[in-house]
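S.K.: Input sequences plus hints: build the corresponding full structure.
All residue numbers in the sequence shown are consecutive under the working numbering, ending with 240.
It should be emphasised that the hints constitute simulated quantities derived from the structure, not laboratory data.
Fair warning: this is a prediction, and the values are worked out from it, not measured in the lab.
C-beta: ideal position from N, C-alpha, C; glycine also.
Fair warning: there could be bad hints in the mix.
[Stated by the list, open to error] Here are the computed lysine to any residue pairs in the SDA-like style, where the Cα-Cα straight-line distance is at most 20 Å:
1) K10 - L42
2) K30 - K198
3) K18 - E87
4) K146 - D161
5) K18 - H5
6) K198 - P71
7) K198 - F83
8) K176 - M111
[Claimed, not checked] Derived Cβ-Cβ restraints for the label pairs, each shown as a range:
9) M68 - G213: 20 to 30 Å
10) T224 - N101: 17 to 27 Å
11) D217 - G197: 39 to 49 Å
12) N39 - G213: 35 to 45 Å
13) N101 - G173: 27 to 37 Å
14) L125 - G173: 21 to 31 Å
15) P60 - D167: 41 to 51 Å
16) K10 - D100: 19 to 29 Å
17) K238 - G149: 14 to 24 Å
18) M177 - G58: 38 to 48 Å
19) T224 - P60: 35 to 45 Å
20) V237 - F135: 11 to 21 Å
21) K10 - E214: 34 to 44 Å
22) L148 - D217: 36 to 46 Å
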Amino acid sequence: MSNQHTPHIKATSADFAKTVLMPGDPLRSKFVAETFLENPRLVNNVRGIQGYTGTYHGVPVSVMASGMGMPSIGIYSYELFNFFGVENIIRIGSAGGLADNVQLRDVLIGMGACTNSAYQDQYRLNGNYAPIASFELLSHAVEAAKQLGVRYQVGNLLSSDVFYHADPDFNQGWYKMGVLGVEMEAAALYMNAAAAGKRALAICTVSDHILRGEALDADARQTTFTDMMTIALDVAVKMS
Numbered sequence: 001m002s003n004q005h006t007p008h009i010k011a012t013s014a015d016f017a018k019t020v021l022m023p024g025d026p027l028r029s030k031f032v033a034e035t036f037l038e039n040p041r042l043v044n045n046v047r048g049i050q051g052y053t054g055t056y057h058g059v060p061v062s063v064m065a066s067g068m069g070m071p072s073i074g075i076y077s078y079e080l081f082n083f084f085g086v087e088n089i090i091r092i093g094s095a096g097g098l099a100d101n102v103q104l105r106d107v108l109i110g111m112g113a114c115t116n117s118a119y120q121d122q123y124r125l126n127g128n129y130a131p132i133a134s135f136e137l138l139s140h141a142v143e144a145a146k147q148l149g150v151r152y153q154v155g156n157l158l159s160s161d162v163f164y165h166a167d168p169d170f171n172q173g174w175y176k177m178g179v180l181g182v183e184m185e186a187a188a189l190y191m192n193a194a195a196a197g198k199r200a201l202a203i204c205t206v207s208d209h210i211l212r213g214e215a216l217d218a219d220a221r222q223t224t225f226t227d228m229m230t231i232a233l234d235v236a237v238k239m240s
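M.R.: In structure tokens form, the structure reads like this:
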């Protein structure tokens with residue numbers, strides 16, 4: 001833990017709660033803080049990456065954006081875990097559906113995160129690492145989803161380094177392997193958590209279906225994915 005600012009976070013360890021919700025979009029961070037948290041205060045705004053801390057049902061909770069992609073969430077989650085005393089990070093983001101039974105607005109809870117990224121290379125492992133979620137966070141999330149009556153699915157995500165892929169058939173192999181959906185951050189988050197001895201979970205809302213060509217607009221992605229936000233907040237309360 002540190003009370004020193006980093007190049008990316010101008011705050012102290014006292015500014016962050018034990019659990020941080022992490023959307024990719026800074027405006028989604030602001031939306032969560034203003035919609036759900038009591039007495040939220042801005043604790044970071046370096047590079048426009050807004051971070052807030054307040055309370056939810058009396059429990060301190062933080063929410064801070066990660067930016068897009070594994071390099072970005074890799075930086076912010078590493079610093080939160082290793083320099084600011086954060087114990088749990090719950091990604092709340094969007095995903096493109098892959099599996100046939102996945103529908104728009106479904107909540108996907110990432111038990112594992114496949115990846116085409118070289119992020120694991122830094123650990124010099126003698127093989128391929130399988131990034132997985134914290135079972136404790138995952139089990140609390142499933143319980144919360146059931147209580148809320150939310151349509152959810154638990155399974156494998158794909159954390160891709162590429163949004164516009166040159167190979168039009170890139171997703172077919174992952175589809176055949178039963179991957180639920182594609183996003184761009186979970187694998188790096190899970191690896192950072194494992195390396196730091198902390199806990200992480202990705203909860204994503206399906207914003208589009210890659211193979212069926214269905215999609216929600218940008219405004220819907222920013223402000224209407226409240227089911228996953230409520231699930232994540234309920235998990236934060238259980239982890240307090």
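S.K.: Evaluate each hint against the coordinates.
M.R.: Against the structure, the hints:
With a C-alpha separation of about 11 Å, the suggested pairing of K10 with L42 holds against the 20 Å cut-off. For the hint pairing K30 with K198, the CA-to-CA distance comes to about 25 Å; that exceeds 20 Å, so the pair is violated. Straight-line distance between C-alpha atoms of K18 and E87 comes to about 5 Å, which keeps the hinted pair within the 20 Å bound. Distance restraint check for K146 and D161: the Cα-Cα separation of roughly 32 Å exceeds the 20 Å cut-off, and the hinted pair is therefore not satisfied.
Among the hinted pairs, K18 with H5 is consistent with the structure: their alpha-carbon atoms are about 18 Å apart, no more than 20 Å. As the CA atoms of K198 and P71 are separated by approximately 19 Å, the hinted pair is consistent with the 20 Å bound. For the suggested pair K198 and F83, the alpha carbons sit about 12 Å apart, so the restraint of at most 20 Å is met. With a C-alpha separation of about 18 Å, the suggested pairing of K176 with M111 holds against the 20 Å cut-off.
A beta carbon spacing of about 22 Å between M68 and G213 agrees with the range 20 to 30 Å that was offered as a hint. Between T224 and N101 the Cβ separation comes to about 22 Å, which falls inside the hinted range of 17 to 27 Å. Checked against the hint of 39 to 49 Å, the C-beta distance between D217 and G197 comes to roughly 40 Å, which is consistent with it. Checked against the given bound of 35 to 45 Å, the beta carbons of N39 and G213, roughly 43 Å apart, stay inside it.
N101 and G173 have their C-beta atoms about 19 Å apart, which leaves the hinted 27 to 37 Å range violated. For L125 paired with G173, a C-beta distance near 23 Å keeps the hint of 21 to 31 Å intact. For the pair P60 and D167, the supplied restraint of 41 to 51 Å holds, since their beta-carbon distance comes to about 45 Å. In this structure the hint that K10 and D100 lie 19 to 29 Å apart at CB is violated, the actual value being about 46 Å.
Distance hint check: the CB atoms of K238 and G149 are about 18 Å apart, consistent with the given range 14 to 24 Å. A C-beta distance of roughly 43 Å is found between M177 and G58, which places it inside the suggested range of 38 to 48 Å. For T224 and P60, the hinted distance range of 35 to 45 Å is not satisfied, since their beta carbons lie about 26 Å from each other. For V237 and F135, the hinted distance range of 11 to 21 Å is satisfied, since their beta carbons lie about 18 Å from each other.
A beta carbon spacing of about 40 Å between K10 and E214 agrees with the range 34 to 44 Å that was offered as a hint. Distance hint check: the CB atoms of L148 and D217 are about 24 Å apart, inconsistent with the given range 36 to 46 Å.
Of the numbered hints listed earlier, those contradicted by the structure are 2, 4, 13, 16, 19, 22.
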